[in-house]
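> These are the residues of each chain, in order.
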Amino acid sequence: MPEPTHTSPGTQGPAPVVRTKTSAYPIEHFVANVDETPVRATDSTVSDAAPRSLWGEAWRSLRKQPLFIISAVLILAVIFVALFPGVFTNEPPNENCLLENSDGGPVAGHPLGFTVQGCDILSRVVYGTQSSLTVGLFATLGVVLIGGLIGALAGFFGGWVDAILARIGDIFFALPLILGAIVVVQLPVFQQNRNVWTLVVILVTFGWPQIARITRAAVIEVRNADFVTAARSLGVSPLGALVKHVIPNALAPVIVIATISLGTFIVAESTLSFLGIGLPPDVMSWGNDIFSAKPSLRSNPMAIFWPGLALSITVLSFIMLGDALRDALDPKARKR
Amino acid sequence: MVWYIVRRFLQLIPVFLGATLLVYFLVFSLPGDATAAICGERGCTPAVVAGLREQYNLDQPFWIQYLLYLKGVLTFDLGTNFSGRPIATIIAEVFPTTAKLAIMALVIEAVFGIVFGLIAGLRKGKIFDSSVLVLSLIVIAVPIFVLGFLMQFLIGVKLQWTNPTVSGDATFTELLLPAVVLGLVSFAYVLRLTRTSIIENVNADYVRTATAKGLSRRRVVVVHVLRNSLIPVVTFLGADLGALMGGAIVTEGIFNVNGVGNTLYRAVLNGDGPMVVSIVTFLILIFCLANLLVDLLYAWLDPRIRYA
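Protein sequence lines correspond, in order, to chains W and D.
In this text, residue positions in the first sequence follow our numbering: the first is -15, and each later residue adds one.
In this text, residue positions in the second sequence follow our numbering: the first is 5, and each later residue adds one.
Heads up, some of the hints might be wrong.
Cut-off 25 Å, straight-line C-alpha distance, at most; resulting in silico cross-link-like pairs (PhoX-like, lysine-lysine) [unchecked claim]:
no.	chain 1	residue 1	chain 2	residue 2
1	W	Lys48	D	Lys130
2	W	Lys278	D	Lys162
3	D	Lys162	W	Lys48
Covered stretches of chain D, going by a simulated chain W footprint (3 or more residues, C-beta under 8 Å) [stated by the list, open to error]:
no.	segment
4	133 to 145
5	279 to 289
Residues from chain W shown here face chain D by an in silico Cβ test under 10 Å; the list is partial [to be verified]:
no.	residue
6	Ile130
7	Phe156
8	Val168
Hints listed in this document are in silico derivations from the structure and should not be mistaken for laboratory results.
Treat the numbers as computed from the prediction; the structure is a model and nothing was measured.
All C-beta atoms in this analysis are idealised placements derived from N, C-alpha and C, irrespective of residue type, glycine included.
Working from the sequences, and respecting the hints, build out all of it.
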């Protein structure tokens, strides 16, 4: 055993008893062995290396995570399908639908079989990607903008601003996303012009409180940090400090939740479409396809299975990405 | 403690009023005739429309309408729906089924979620932990209607273990499959929450103290670790009870359960404004009460809150 390089009252005198056997309970070695923390360890820290930013650090750990790589590849693939559906199928989704093919199984050229209308399932699934992704993406953007702004204002200014905004958030929170959307979607105003964008508006209306809560908590955590006080004492206005110093540092948890809620919004859109009150029937979407395959579930379950699979994989990849981001952006988690 | 309960209760009142006001406003004050659904495509004569508007207080200014509605809620007189049936009777008819379904789902997700989460958390990084984590991710990602249809098809139609749909009686065995489907997604959340919470707590000082006192592993885990880890889980479960009652719309639709969700869905499709507003009000009330229950459980689990 090497000579202890530092002295403290406990380590003077006879050499301490070192337990070599570890038991299942951590209790036995909770008095650290002296040689467990050599002083050299702190001496050898290079203090003049360039500090890495949170994002640089996160990117470094992300690159090594299989969860991140898998989900990122899947998401890029889904985006590619949405942008260039023609690459994946030669079959147009709405033409060449022959009723004689109704609910038919796979044949050459139609590997996934046919829908009840006799349309090619593969083509329907490929072309349905776009609307699901558009709704998810823009609903998330809207929620981050509105919820983020409200949450940041509430957290940064506190006091009565916080009290009022938090109460409004509570009110919207009492109405679950799907419930609120169902009530609104069928109103005459929305019924007449139901499309991707009205659906986005509805989802944002009932979806923002969650992001607002997260942002508020994150902002409160950063608000009193030394660098914010420093900026304020150098004469930066409250709003300037909020925008330049607080928000960038409070962004990490918001990004994590936003990634996950992208998946949630895609599910919400397909749930509404599935109930027959989401996207209008002429818009191709996975939810609409599942809705129209409902009556023939027993004879042709595959017509539900394939769009359901596409939907699940897409949502799964966004949730996995969110999980990976959470691990990478949370320094506490990273140290473990 | 009493003061704590009273304060929590008082905080619920503005939320309830605000949420009902929001729904009432959305349904009755956005452009479009709220009574159009009664008349169908041919439309009613102006006199009939005026009569209907008077019957549903739609001829009054918005604030009076809302106050009259609120008075109805407080006196349990919810009026009639567009087909003339008393709304309170309809809700009383269908609510027991939904409550049964939601409570069954809640019990299933709580028991399985906590047990699996506990085991996974205690064996972090082992094979059980990783496989349960992957499984929970999949359950979260697969939308409930896909899951519902697949299980209905496999268990109800192919294997014929239960009826694929639920009859009017809604017996316990019939509701079992819908309850599993309804609880599955939340089960995954409960599992992950419990696991994270256990991992955070298992190395805490008080656990070491408990072990040092010579308590058995079992007692340390169940009484000390689990009780302290359950606080976030209980919050989730309470909020989820409200969500399960409202979120049963899809599940009730798939399995043809005659519950609140199905009734709401029909009312929405029929454009039956008074019915929609009443059911949503009812669901908001349940949501608020579930949150109150969570706060009480909080105080029970964590004495720091009780004595604050």
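> Look at each hint and say if it fits the structure.
Against the structure, the hints come out as follows:
1. Lys48/W <-> Lys130/D: With a Cα-Cα distance of about 20 Å, the restraint between Lys48/W and Lys130/D holds, given a limit of 25 Å.
2. Lys278/W <-> Lys162/D: holds, 16 Å
3. Lys162/D <-> Lys48/W: violated, 44 Å
4. 133 to 145: Our answer is that it holds, as 4 residues pass the Cβ test (under 8 Å) against chain W, meeting three.
5. 279 to 289: holds (count 4)
6. Ile130: violated, 16 Å
7. Phe156: holds, 7 Å
8. Val168: Status holds, d = 6 Å.
In terms of the numbered hints stated before, the structure departs from hints 3 and 6, listed from lowest to highest.
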